[in-house]
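**Student:** Use the sequences and the hints to build the structure in full.
As they're listed, the protein sequences go chains R and C. So for the first sequence, this note's numbering puts the first residue at 1; every next one is plus one. So for the second sequence, this note's numbering puts the first residue at 1; every next one is plus one.
Hints in this document: simulated from the structure, not taken from any laboratory. Nothing false has been slipped in among the hints.
If chains are identical, the list can't say which one is meant, so a pair holds when it fits in one copy or spans any two.
Simulated pairs of lysine to any residue, SDA-like, Cα-Cα distance not exceeding 20 Å:
#1 K2 x T191
#2 K2 x Q225
#3 K42 x G96
#4 K41 x T66
There are 2 protein chains.
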Amino acid sequence: MKKFVNGIDSMLQQSLAGFSRCHADIVRLDAGSRFICRSRKKAGKVALISGGGSGHEPLHAGFVGTGMLDAACPGQVFTSPTPDQMLAAAEAVDSGAGVLFIVKNYAGDVMNFSLAAEMYGGDNDTVITDDDVAIDKSSSAGRRGVAGTLVVEKVVGAAAERGDALPALKALAFRVNAMTRSLGVALTSCTVPAVGQPTFDIGDGEMEFGVGIHGEAGRRRIALQPADTIAELIVESILDDLGARAGDEALVLLNGFGGTPSMELYLMLDAASRQLERRGLRVSRSLVGSFVTSLDMAGCSITVTKLDPQIVALWDAPVHTAALRW
Amino acid sequence: MKKFVNGIDSMLQQSLAGFSRCHADIVRLDAGSRFICRSRKKAGKVALISGGGSGHEPLHAGFVGTGMLDAACPGQVFTSPTPDQMLAAAEAVDSGAGVLFIVKNYAGDVMNFSLAAEMYGGDNDTVITDDDVAIDKSSSAGRRGVAGTLVVEKVVGAAAERGDALPALKALAFRVNAMTRSLGVALTSCTVPAVGQPTFDIGDGEMEFGVGIHGEAGRRRIALQPADTIAELIVESILDDLGARAGDEALVLLNGFGGTPSMELYLMLDAASRQLERRGLRVSRSLVGSFVTSLDMAGCSITVTKLDPQIVALWDAPVHTAALRW
Chain R
1 MKKFVNGIDS
11 MLQQSLAGFS
21 RCHADIVRLD
31 AGSRFICRSR
41 KKAGKVALIS
51 GGGSGHEPLH
61 AGFVGTGMLD
71 AACPGQVFTS
81 PTPDQMLAAA
91 EAVDSGAGVL
101 FIVKNYAGDV
111 MNFSLAAEMY
121 GGDNDTVITD
131 DDVAIDKSSS
141 AGRRGVAGTL
151 VVEKVVGAAA
161 ERGDALPALK
171 ALAFRVNAMT
181 RSLGVALTSC
191 TVPAVGQPTF
201 DIGDGEMEFG
211 VGIHGEAGRR
221 RIALQPADTI
231 AELIVESILD
241 DLGARAGDEA
251 LVLLNGFGGT
261 PSMELYLMLD
271 AASRQLERRG
281 LRVSRSLVGS
291 FVTSLDMAGC
301 SITVTKLDPQ
311 IVALWDAPVH
321 TAALRW
Chain C
1 MKKFVNGIDS
11 MLQQSLAGFS
21 RCHADIVRLD
31 AGSRFICRSR
41 KKAGKVALIS
51 GGGSGHEPLH
61 AGFVGTGMLD
71 AACPGQVFTS
81 PTPDQMLAAA
91 EAVDSGAGVL
101 FIVKNYAGDV
111 MNFSLAAEMY
121 GGDNDTVITD
131 DDVAIDKSSS
141 AGRRGVAGTL
151 VVEKVVGAAA
161 ERGDALPALK
171 ALAFRVNAMT
181 RSLGVALTSC
191 TVPAVGQPTF
201 DIGDGEMEFG
211 VGIHGEAGRR
221 RIALQPADTI
231 AELIVESILD
241 DLGARAGDEA
251 LVLLNGFGGT
261 PSMELYLMLD
271 AASRQLERRG
281 LRVSRSLVGS
291 FVTSLDMAGC
301 SITVTKLDPQ
311 IVALWDAPVH
321 TAALRW
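**Tutor:** What follows is the structure in structure tokens.
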């Protein structure tokens, strides 16, 4: 395993120290390293809190700041944070208007956030993201929450910033999640530091179609395809499920998994946009970068959100975080 | 080779198409794909033009926009752009105040920019960046220009934006370059698409200390070290050469080479900052991300710029590009 680390046990703590040091104008790290929160609390707004296992950076800590999250709770790599982290974060950032927990649909995260929500004394509610079309809707665990979570956090973050109340924010989060679908492909495996070996084996001529952001198996293992074919396969899977039609306005998030350079991501954005346009969709917003990663995995995901004027306005609203700023 | 491409010949063009599509509010792609320039020309300012081989994205196209570059000329992967690209860019963006070419010190880039500078009819000058301390100062080709080029482009870009004249900008660029040093390490090789094989072999327990941004051999091949030791080795090499002393104020750019996830980069930022502080320097500005990359190479470089109030103010000035925004 080749990584920049001093030791497995210190890795998360030292990375958070670097993150909070670098972005001290935006965030602060809790003294117990239980959460990252905004350096300045904003009174009267609903607090948005997310979190999950580390290894997906900049998700979620990179999205803490004006116009997006109030706090993020990082677990160890690919491991859910604990309820006490979420409770401590809620107590720190709740300014009296309540807390909305935004949780990716993984068993550990859902269980721990649910415990925290029950234990927390203040007004709170939870929304679960589950945008990954690689998983069948009828599967018992439901669909995984992947890169579409960024879109939910951005849009709902803008609404929270302008002062929307908790029930309205929950309804909005639910609606944005319902308008959003993602699917990812991996060309190589990630390597979890504590394991020291690639999570899965994959041949030189293969790709994992429908991979999860922890290197979970996807829909199928197929031969590596040209970029245009990959984009077509993904866009078809997404649009079939989303029920998007010619004339719809769409946002595309072309997300890298960590090991794929931006030259390839922009090429994939072009390929995905052409596929969407061929089907009559109008791609009016796009975002390219490694935002919801899987450590060092080479690969990318495409997320499509159907837009309406309300969502567009909230997407366009100013955001000032470590990883997103406009 | 596992990459998101349709073909080697179309790769650059399709990536540029995606880039200009995604950032149409900031840049436009020349009809002949010879350069990326600002979507809105600003009258009366000196135009800053950079460029070089592709594969280092977001350098340089990602730095085109308000407060930084006016145009960037992308060559094929790891190949210099041609003089006609630079000439076309100069003709497009020169608003009468002249052109400053910012060129990384590689033989092909220096030769082609020098030809373009000679052929160009308008007022122009050139500055060459050479911040890589891995190369001995006395080597015949001189030092390579690496991630420190970002610092030069940001600081000089801010000065150009406020209206500084060409001679002052050239002097400033020279001064910032002289205050800046970088050194990089690679854990894996990059793979050039047209070659299809890793540029160099490296063992599981090895790292290349002093690697170049095209995978060029560094100072030496050494055993993989803990992050703190790597940071110490790099910071020592840089400070010895830079002549920085206790009490100096410094900017640190912790730059990823493309295949290293941000969790490790922030950990390295923390490690590098602690090393600098141990030596009495004050790290007042830091930037972390994969900005000057080498395709999919795992590795990172540390850049240190000695700061003074003028450079700090220009660094802090607003910038609005695809890759840097504040």
